[in-house]
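Visitor: With the hints as extra help, turn the sequences into a complete structure.
2 protein chains.
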Amino acid sequence: LLLVNERFILPYFGTKEKEEKEADTIDESNPVIIAGFGHFGSTLGRFLRASGIRATILDNDSDRVDLLRKMGFKVFYGDATRVDILKSAGAGEARILIAAIDSPEINFDLVEKTKKIFPNLTVMVRAKSRLDAYELLDMGINDVYRESLDTSLRLGVDVLTKLGFRKYSAVRASQNFIKYDEAALRELARHRHDQSDYIFTTREQIQIQEQMLNKDREVNPNINDHAWDSDSFEEKSDNGNN
Amino acid sequence: LLLVNERFILPYFGTKEKEEKEADTIDESNPVIIAGFGHFGSTLGRFLRASGIRATILDNDSDRVDLLRKMGFKVFYGDATRVDILKSAGAGEARILIAAIDSPEINFDLVEKTKKIFPNLTVMVRAKSRLDAYELLDMGINDVYRESLDTSLRLGVDVLTKLGFRKYSAVRASQNFIKYDEAALRELARHRHDQSDYIFTTREQIQIQEQMLNKDREVNPNINDHAWDSDSFEEKSDNGNN
Chain G
1 LLLVNERFIL PYFGTKEKEE KEADTIDESN PVIIAGFGHF GSTLGRFLRA
51 SGIRATILDN DSDRVDLLRK MGFKVFYGDA TRVDILKSAG AGEARILIAA
101 IDSPEINFDL VEKTKKIFPN LTVMVRAKSR LDAYELLDMG INDVYRESLD
151 TSLRLGVDVL TKLGFRKYSA VRASQNFIKY DEAALRELAR HRHDQSDYIF
201 TTREQIQIQE QMLNKDREVN PNINDHAWDS DSFEEKSDNG NN
Chain D
1001 LLLVNERFIL PYFGTKEKEE KEADTIDESN PVIIAGFGHF GSTLGRFLRA
1051 SGIRATILDN DSDRVDLLRK MGFKVFYGDA TRVDILKSAG AGEARILIAA
1101 IDSPEINFDL VEKTKKIFPN LTVMVRAKSR LDAYELLDMG INDVYRESLD
1151 TSLRLGVDVL TKLGFRKYSA VRASQNFIKY DEAALRELAR HRHDQSDYIF
1201 TTREQIQIQE QMLNKDREVN PNINDHAWDS DSFEEKSDNG NN
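Line order of the protein sequences matches chains G and D. The numbering used here numbers the first residue of the first sequence as 1 and each following residue consecutively. The numbering used here numbers the first residue of the second sequence as 1001 and each following residue consecutively.
Honestly, I wouldn't trust all of these hints.
What the hints assert, rightly or not - Computed footprint of chain G on chain D, listed as stretches where at least three residues anywhere in the stretch have a Cβ under 8 Å from a Cβ of chain G:
{"no.": "1", "segment": "1034-1041"}
{"no.": "2", "segment": "1087-1098"}
{"no.": "3", "segment": "1140-1147"}
{"no.": "4", "segment": "1150-1162"}
{"no.": "5", "segment": "1197-1203"}
Stated by the list, open to error - The following residues of chain G were derived to be distant from chain D, with all beta-carbon distances above 10 Å:
{"no.": "6", "residue": "Asp-61"}
{"no.": "7", "residue": "Ile-85"}
{"no.": "8", "residue": "Ser-103"}
{"no.": "9", "residue": "Glu-112"}
{"no.": "10", "residue": "Lys-113"}
{"no.": "11", "residue": "Tyr-134"}
{"no.": "12", "residue": "Met-139"}
{"no.": "13", "residue": "Tyr-168"}
{"no.": "14", "residue": "Ala-189"}
{"no.": "15", "residue": "Asp-194"}
The set of hints was computed from the structure by calculation and includes no laboratory data. These numbers were taken from a predicted model, which means no experiment stands behind them. C-beta: ideal position from N, C-alpha, C; glycine also.
Guide: Structure follows, in structure tokens:
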């Protein structure tokens, strides 16, 4: 029984202790607050730190907070949707709050509260999906980042270069794709509540995107500079790593 | 009861019909196969199509397949981890297979089977997290894409520009960050089975990354060209959108 107690009661004391530690550092005030320090938030946090920008980090997963502290990160344990915790993290003085919590519901809750209580903060938000992005646009958020958008396009750029496109042209195409897709997202957000209207508008937007990228290729002939030929691929793949 | 039957039996017939439709198109052979057409795969698929590259798409969610077809995508309904389906999708002739299935377990299963049965295919893989990326590196996959890496850094670039960095310098720093982080990932993969060793090496790698980015800033003085000043932020935020 003692063992069981140690296992199940210690984490509770751990949590209490963390809350007290948190109160110690109210005097710290940074230009950036990051709420949520999972894969998304921690990459961002490392990048900002490496660029010389200090950020106050909030995370509600006590195991992760422990591990991150051992790795040298300064992380506050706490629920970022609690206004008192946001205040002590410096939300009244900071310039930017990044909402990067794993759960979309909690992240949305944070965004709503922040907009209401700290209207001077610029809120930049991680979105899990296109549908979440629509909701955030409706909430009046301009800085919405769909979490897998850029990496899927980097993979696409690498596919194009493996197939013979020039790297420069492929990267340029992916940048234009993001630009058109962000515009389409704003257009589609207004049509999404009627399924047949949404499907029609999606088809239309996809065609517009393709036409615009085709036009980019014509304007910038470098992008046609690839030696794409399906026969040669089959040969290459026959001579592969057997 | 009839209503219940219609509800629960019709989707089954729907599925049967899809499998038959699938068999029709065995003759189609594209240089690229995309397995998994969620947020990651569909963005990639739209980008490739807009770039003039045909891809064979496999997805195992019949509702999603229906919706995507209505939107004008050519999608095969089927379990990509089944070797017969992979064969009929042209895995024997294609050049690149992209494993972008939502479930990491199923995605890993696909990667293992593809490497074994279609060794000529270049396999490019979506990873959910850093831990999944370690597993994939262990499996001998070189083209591993952590799904939220690039978007979190684009957000980071936008934070830096809001704080006064020049866009060019911030983008350059993010590109270098990815380069160093990919190298660190390969180093850390070897240390991850011993927790204290892993924590030590992580701290070390983070320090190395920061030193290298600092060095980049010294070599390329443009990156110091920002008017970062914490007092001016507070002023700006006082004059914000109240």
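Visitor: Any Cβ of chain D at or closer than 10 Å to Tyr-168 (chain G), or is the non-interface label fine?
Guide: Its Cβ never comes within 10 Å of chain D, the nearest being 14 Å, so this holds.
Visitor: Can we trust that Ala-189 (chain G) is non-interface, i.e. its beta-carbon lies farther than 10 Å from all of chain D?
Guide: holds, 16 Å
Visitor: Minimum Cβ separation between Tyr-134 (chain G) and chain D greater than 10 Å?
Guide: holds, 13 Å
Visitor: At a Cβ distance under 8 Å, does chain G reach at least three residues of the segment 1087-1098 of chain D?
Guide: Satisfied; 5 residues make the cut.
Visitor: Confirm or reject: Glu-112 (chain G) is not an interface residue toward chain D, with every Cβ-Cβ distance exceeding 10 Å.
Guide: holds, 16 Å
Visitor: Grab the minimum beta-carbon distance between Asp-194 (chain G) and chain D and tell me whether it stays above 10 Å.
Guide: holds, 14 Å
Visitor: Verify that the Cβ of Lys-113 (chain G) lies farther than 10 Å from every Cβ atom of chain D, and report whether the claim holds or is violated.
Guide: holds, 16 Å
Visitor: Establish whether the coverage given for the segment 1150-1162 of chain D by chain G is satisfied; the threshold is a Cβ-Cβ distance below 8 Å, and no fewer than three residues must meet it.
Guide: n = 11 at 8 Å, threshold three: holds.
Visitor: Under 8 Å between beta-carbons, do enough residues of the segment 1140-1147 of chain D, three at least, approach chain G for the coverage claim to hold?
Guide: Held - the segment 1140-1147 of chain D has 4 residues with a Cβ nearer than 8 Å to chain G, which meets the minimum of three.
Visitor: Run the C-beta distances from Ile-85 (chain G) to all of chain D and say if the shortest one exceeds 10 Å.
Guide: holds, 20 Å
Visitor: Test the statement that Ser-103 (chain G) is away from the interface with chain D: the closest C-beta pair must be farther apart than 10 Å.
Guide: holds, 15 Å
Visitor: Taking 8 Å as the Cβ threshold, is the statement that the segment 1034-1041 of chain D is covered by chain G upheld or broken by the three-residue rule?
Guide: holds (count 3)
When the structure is compared with the earlier hints, no violation turns up for any of them.
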